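A.B. asks: Listed here are the chains, written in short residue letters.
Number of protein chains: 2
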Amino acid sequence: MSNVLVIGAGGVSSVTVHKMAMLPNVFKNITLASRTLKKCQDIQTKVKEKYNININIAKLDADNINETVKLINKISPFLIINLALPYQDLNIMEACLITNTHYLDTANYEPKDEAKFEYSWQWDYSKKFQEKGLMALLGSGFDPGVTNVYTAHTKKHFLNSIHSLDILDCNAGDHGHPFATNFNPEINIREVTSESKHWENNNWQVGPALTNKVSFDFPEIGPKNMYLMYHEELESLVKNFPEIKKARFWMTFGDSYLKHIEVLQNIGMTSIKPINYNGMDIVPLQFLKQVLPDPGSLGNRTKGKTCIGTIITGQKNGKEETHYTYNICDHEQCYEEVGSQAISYTTGVPAMIGAMLMIQKIWYKPGVWNVEQFDPDPFMDLLNKHGLPSQTIQLDKKLSF
Amino acid sequence: MSNVLVIGAGGVSSVTVHKMAMLPNVFKNITLASRTLKKCQDIQTKVKEKYNININIAKLDADNINETVKLINKISPFLIINLALPYQDLNIMEACLITNTHYLDTANYEPKDEAKFEYSWQWDYSKKFQEKGLMALLGSGFDPGVTNVYTAHTKKHFLNSIHSLDILDCNAGDHGHPFATNFNPEINIREVTSESKHWENNNWQVGPALTNKVSFDFPEIGPKNMYLMYHEELESLVKNFPEIKKARFWMTFGDSYLKHIEVLQNIGMTSIKPINYNGMDIVPLQFLKQVLPDPGSLGNRTKGKTCIGTIITGQKNGKEETHYTYNICDHEQCYEEVGSQAISYTTGVPAMIGAMLMIQKIWYKPGVWNVEQFDPDPFMDLLNKHGLPSQTIQLDKKLSF
Numbered sequence: 007m008s009n010v011l012v013i014g015a016g017g018v019s020s021v022t023v024h025k026m027a028m029l030p031n032v033f034k035n036i037t038l039a040s041r042t043l044k045k046c047q048d049i050q051t052k053v054k055e056k057y058n059i060n061i062n063i064a065k066l067d068a069d070n071i072n073e074t075v076k077l078i079n080k081i082s083p084f085l086i087i088n089l090a091l092p093y094q095d096l097n098i099m100e101a102c103l104i105t106n107t108h109y110l111d112t113a114n115y116e117p118k119d120e121a122k123f124e125y126s127w128q129w130d131y132s133k134k135f136q137e138k139g140l141m142a143l144l145g146s147g148f149d150p151g152v153t154n155v156y157t158a159h160t161k162k163h164f165l166n167s168i169h170s171l172d173i174l175d176c177n178a179g180d181h182g183h184p185f186a187t188n189f190n191p192e193i194n195i196r197e198v199t200s201e202s203k204h205w206e207n208n209n210w211q212v213g214p215a216l217t218n219k220v221s222f223d224f225p226e227i228g229p230k231n232m233y234l235m236y237h238e239e240l241e242s243l244v245k246n247f248p249e250i251k252k253a254r255f256w257m258t259f260g261d262s263y264l265k266h267i268e269v270l271q272n273i274g275m276t277s278i279k280p281i282n283y284n285g286m287d288i289v290p291l292q293f294l295k296q297v298l299p300d301p302g303s304l305g306n307r308t309k310g311k312t313c314i315g316t317i318i319t320g321q322k323n324g325k326e327e328t329h330y331t332y333n334i335c336d337h338e339q340c341y342e343e344v345g346s347q348a349i350s351y352t353t354g355v356p357a358m359i360g361a362m363l364m365i366q367k368i369w370y371k372p373g374v375w376n377v378e379q380f381d382p383d384p385f386m387d388l389l390n391k392h393g394l395p396s397q398t399i400q401l402d403k404k405l406s407f
Numbered sequence: 007m008s009n010v011l012v013i014g015a016g017g018v019s020s021v022t023v024h025k026m027a028m029l030p031n032v033f034k035n036i037t038l039a040s041r042t043l044k045k046c047q048d049i050q051t052k053v054k055e056k057y058n059i060n061i062n063i064a065k066l067d068a069d070n071i072n073e074t075v076k077l078i079n080k081i082s083p084f085l086i087i088n089l090a091l092p093y094q095d096l097n098i099m100e101a102c103l104i105t106n107t108h109y110l111d112t113a114n115y116e117p118k119d120e121a122k123f124e125y126s127w128q129w130d131y132s133k134k135f136q137e138k139g140l141m142a143l144l145g146s147g148f149d150p151g152v153t154n155v156y157t158a159h160t161k162k163h164f165l166n167s168i169h170s171l172d173i174l175d176c177n178a179g180d181h182g183h184p185f186a187t188n189f190n191p192e193i194n195i196r197e198v199t200s201e202s203k204h205w206e207n208n209n210w211q212v213g214p215a216l217t218n219k220v221s222f223d224f225p226e227i228g229p230k231n232m233y234l235m236y237h238e239e240l241e242s243l244v245k246n247f248p249e250i251k252k253a254r255f256w257m258t259f260g261d262s263y264l265k266h267i268e269v270l271q272n273i274g275m276t277s278i279k280p281i282n283y284n285g286m287d288i289v290p291l292q293f294l295k296q297v298l299p300d301p302g303s304l305g306n307r308t309k310g311k312t313c314i315g316t317i318i319t320g321q322k323n324g325k326e327e328t329h330y331t332y333n334i335c336d337h338e339q340c341y342e343e344v345g346s347q348a349i350s351y352t353t354g355v356p357a358m359i360g361a362m363l364m365i366q367k368i369w370y371k372p373g374v375w376n377v378e379q380f381d382p383d384p385f386m387d388l389l390n391k392h393g394l395p396s397q398t399i400q401l402d403k404k405l406s407f
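Residue numbers (the numbering used here), protein chains in the order written: chain X, 7 to 407; chain G, 7 to 407.
Keep in mind that the hints were calculated from the coordinates and are not lab data. Incorrect hints may appear among the rest.
Which copy? The list can't say, so a pair holds if one copy fits it or any two copies do.
[To be verified] Under the rule of at most 27 Å between Cα atoms (straight-line distance), these lysine-lysine pairs were calculated in the DSSO-like manner: (1) K133 to K322; (2) K54 to K134; (3) K309 to K230; (4) K118 to K325; (5) K134 to K80; (6) K279 to K265; (7) K34 to K391; (8) K265 to K219; (9) K295 to K265; (10) K138 to K80.
These figures come from a predicted structure and were not determined experimentally.
Work the whole structure out from these sequences, hints included.
C.D. replies: What follows is the structure, encoded as structure tokens:
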């Protein structure tokens, strides 16, 4: 059974489908569904031209559980790969339970009317999935996803226990626009303008958005300012590695990007509260999305690299060691290979790998799981083989900040 | 005959109507008309409470010439005081010609679909106004308006001829918002983001917006950065004082204001070209206007002063002299007097003065005129009496920039 249904036809989905089409022995039958059929057709055409593989497409409103159930029943997939908006996670999981179908996603559920994301809603489904013998793999992208695998891999091979974990996400790509977001602006701006939150002293420490700044010298890229943020994998990692004393997530932003975010926030354009415009209720952030460049249009103009990884300090045979595991990804090379830039590529490839491990029953266990709860080695091997090779270096000492 | 019709019920109009209500012997019968009757009612109520004067109000769409003609015929005013949007100037002038009514405004005509303003459209009406024995007084606000009177006054009393004219407009008011515009954001942002243009070497010299910056030490305010811009009075002043070799207009902006303007331009929010939003055509600048604070709400929270004036260098008996004439206006004092801040006050008072001079036939000549074409002395006297006193100081030498 290697019949899969991919829901969502954005940049990440395009990468995942391209990568699956390159492995016809694993993914024998791919159906791609989206609210906008045109987006599915575009990916279908590219995959046909590039690999001479036929994928099926379908129109689907994934907010509607009945509609999703009907489509699943029609094609009987082994697995749903959910690459739609995070607002839709729970409805798609419901449809999986109704139809006895496995589930995988890359980003955790987020309610639409509140800028808040956490795993609890999805973890609460664990018993139901177990009872039905179904598996749900959460957060199989890059961060979350590969960063969780890096953490498990570091613990397995280099350390006896982890004291501190820092996830560093650097995008040194340049798309030439004064301001654009690399993925859905609505999701992106909600994430960036949220409070920072990190784990320390057995508790979540909350701070204002975009204020704790450190310059870090990234491999192959050089020094960049990075900012303390909250990112969803911290929640599962401190749960699954309870020995962790400190866990932080950092992301780089240029001064110009931050200036734009600050102004847009100041004037209320990032608000998700509707305002009255000529008698209509319009959400400023959704209007802003229409004004900004389409993230899908950035691929063929983005140059430069990304570097995402984990710096982990812990004990090894009674001594302190620090290991830095990272991937370097080149925007232009990604675009040449699958027609998408590195932000979509680094998320889309691990989604394909997670799906492959489930189909091959290498990672296969009823319940709702995060990726660090499985053996990291097969995932690490597949990353090396499918375009996201990793490197690990031992640092002289732990981070000074 | 001192029956007047005021069209437009924004911040400037409120000041003009308050000031007229304080002079019941000059303005015996005031009618205030606007598309939004509620705005007229608000001003009507305040004027009644403050001065026990009854003004009439009417609902009017001034885009519609027939509707304007009907209203004029009903109340037979001596003069229309046009304080509506500059898009409507020509239609209101047409209505004046049809009904044999004099005309006054504070800002020149600007086509709605193009960020361009110039006097030619209105000057072209001169012959028609002359033939009917009607007078139109253009630009009787502060700048244009008082700055033109200052120029004529300097020439009349201090110099034999003018070589260079610099108009300096400083608003050191603080409304406490990260970003807001002091008048209609649509008009304000169109003005600020337009190319700079100044007169030099017998020609208009055009440059990019907001790049030519000079720090100037303003009386009672201190040093502020001011930027070379285009402002409409330059066009009439170099025509009416053909000896002028160089004429420039400068306006102060804070770094934060400019940062907001830059970002809003970068992302296309200041564009007047409609974009598609859920099947509707929406002009980004008009949506932005709805998101920003209402300029009318700034009055009771703005502190600080404005300083607007002219620095004029010329010959006096064969020697070079430089004279600086300016007014200082305090936002909080204006609010206390008439319930509006200084930006509305400095425009609204000169509109009342222009109307008074026309009604009293002190300034009275058929045709279309700019204010510098009349004797400046009675206007200067009335400025001193009605809240906008001016000072003139002689500078040691001409400006160094």
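A.B. asks: Each of the hints needs a verdict: does it hold here or not?
C.D. replies: Against the structure, the hints come out as follows:
1. K133 to K322: Answer is neither; intra-copy 36 Å and inter-copy 95 Å both fail.
2. K54 to K134: neither (38 Å within a copy, 71 Å between copies)
3. K309 to K230: within (16 Å within a copy, 40 Å between copies)
4. K118 to K325: This pair counts as neither: shortest intra-copy Cα distance 46 Å, inter-copy 73 Å.
5. K134 to K80: Answer is within: at 23 Å inside a copy they meet the 27 Å cutoff, but 77 Å across does not.
6. K279 to K265: both (22 Å within a copy, 24 Å between copies)
7. K34 to K391: This pair counts as within: shortest intra-copy Cα distance 20 Å, inter-copy 89 Å.
8. K265 to K219: For K265 and K219, the Cα distance is within 27 Å both inside one copy (15 Å) and across copies (21 Å).
9. K295 to K265: both (17 Å within a copy, 21 Å between copies)
10. K138 to K80: Close inside one copy (20 Å), not across copies (81 Å); limit 27 Å.
Against the hints set out earlier in the document, violations occur for numbers 1, 2 and 4.
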